[in-house]
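Peer 1: Single-letter residue listing:
2 protein chains.
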Amino acid sequence: MEQLHITEDMLAGMERFHRANLINSLSGAKQAMLVGTCNSQGQTNLALFSSIVHLGADPALLGFIQRPVGVSGDSFRNLTDTGCYTLNHVHGGILVNAHYTSARFPPEVSEFDACHLTPYFLEGFRAPFVKESRISMGMELVEVIPVTHNDTKLVIGRVKHIRLDRECMGDDGNLDVNMTDSIVVSGLETYHRLEQVARMGYAKVERLPDFSS
Amino acid sequence: MEQLHITEDMLAGMERFHRANLINSLSGAKQAMLVGTCNSQGQTNLALFSSIVHLGADPALLGFIQRPVGVSGDSFRNLTDTGCYTLNHVHGGILVNAHYTSARFPPEVSEFDACHLTPYFLEGFRAPFVKESRISMGMELVEVIPVTHNDTKLVIGRVKHIRLDRECMGDDGNLDVNMTDSIVVSGLETYHRLEQVARMGYAKVERLPDFSS
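Quick note, the sequences are listed as chains A and B, same order. Numbered according to my numbering, the first sequence terminates at residue 232, and the numbering increases by one at each position without gaps. Numbered according to my numbering, the second sequence terminates at residue 232, and the numbering increases by one at each position without gaps.
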């Protein structure tokens, strides 16, 4: 296939939306997640994110990238006010609902209501879970690390609660993201299902496959 | 389906590998990427990462999470020494090769050689690209942000070069990750293809779908 080489100078000269689509595509496909929060008056909020990263298993820490506040600041304001939030996997059955949470609703409208998703609360935990989600985490805010170069932030939380469909967890603890019909997003708005192609063993030098075959 | 509720205390009591698998599954599926570097003597290195995040389109910044150095420190040492690295999408045709780069090869062995992948250099750029990859970026190291809670780091780089198959870029700049057969990973070692299910428009309050239908 023909190779294209795009330099930083060529990027700078690209039409704005073309460049944004290209750059947003470079990081590949990522899990679509709904971030659930409430403000100090208890009003719920829901927002779609795709920048969730694993940070460590013990303690169990997950991070996500918060864009410059103002673009989509309600979740961030709420989770810094209350110290907690939820992360909820998007699946095929709630994909359209999840996508439309990113419309700019007036501040007094909850995306749960507007997009027909159901808030669910665990006793003693203030942030709303998405009841329809098959894998959800209740997170305690641990740290917000500013990225000085472009005013984004790495938001770090600790896993306090996990809610999941019992059938999707294997005997070894792995979650079957095909069974849950989890949805990933590439670029800004293209959604994909997953089709498992391989479950590899731990890679060992003594057991390399025959690459030449 | 039956819901399971796992608390932080229950996590602490789980068998170690069961917990690691579960926690590593929580962040969902992420693009599998090969990070290409070379040391100051020019020896090449290749390592598999799945924690790449989009940070911004202008300037074009991508981040990834570096685990505590020592676990897999060659890439990190090299990119801090040379100031540059490459990110290369894994596709179905190089999945097995890519997976085995995570075996612990002796320091004098390049994963390019051991796993039958081809280094490719652009003039004036020291880090090796994976020639077989269909979407690759040449990155300039911009900043390393320590995460104090567990000794991981957010490594931030600026996109200097993009190499891609011409056919995979749409007229609007979006990359077709189905056409490139891009591979995502869930948990520690389960790999998936993507099947596009929807390309949504920009979400607007005035154009909500009928959720009740």
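One or more hints might be untrue.
These stretches of chain A come out as covered by chain B in the derived footprint (C-beta under 8 Å, 3 or more residues) [claimed, not checked]:
1. 71–78
2. 190–203
As a list, the in silico DSSO-like pairs of lysine-lysine whose alpha-carbon atoms are at most 27 Å apart [claimed, not checked]:
3. A:150 with B:223
4. A:179 with A:223
5. B:172 with A:179
Hints were generated in silico from the structure; no laboratory data involved. Just so you know, even glycine gets a beta-carbon here, dropped at the ideal spot from N, CA and C.
Peer 1: Between residue 150 of chain A and residue 223 of chain B, is the straight-line Cα distance small enough, at 27 Å or below?
Peer 2: holds, 24 Å
Peer 1: According to a criterion of three or more residues whose C-beta lies within less than 8 Å of a C-beta of chain B, is the region 71–78 of chain A covered?
Peer 2: holds (count 8)
Peer 1: Taking only the CA atoms, is the gap from residue 172 of chain B to residue 179 of chain A under or equal to 27 Å?
Peer 2: holds, 22 Å
Peer 1: Three residues minimum, CB to CB under 8 Å: does the region 190–203 of chain A make the cut for coverage by chain B? Let me know.
Peer 2: holds (count 9)
Peer 1: Keeping to a limit of 27 Å between CA atoms, is the pair of residue 179 of chain A and residue 223 of chain A held or broken?
Peer 2: violated, 34 Å
Hint 4 from the list above is the single one not met by this structure.
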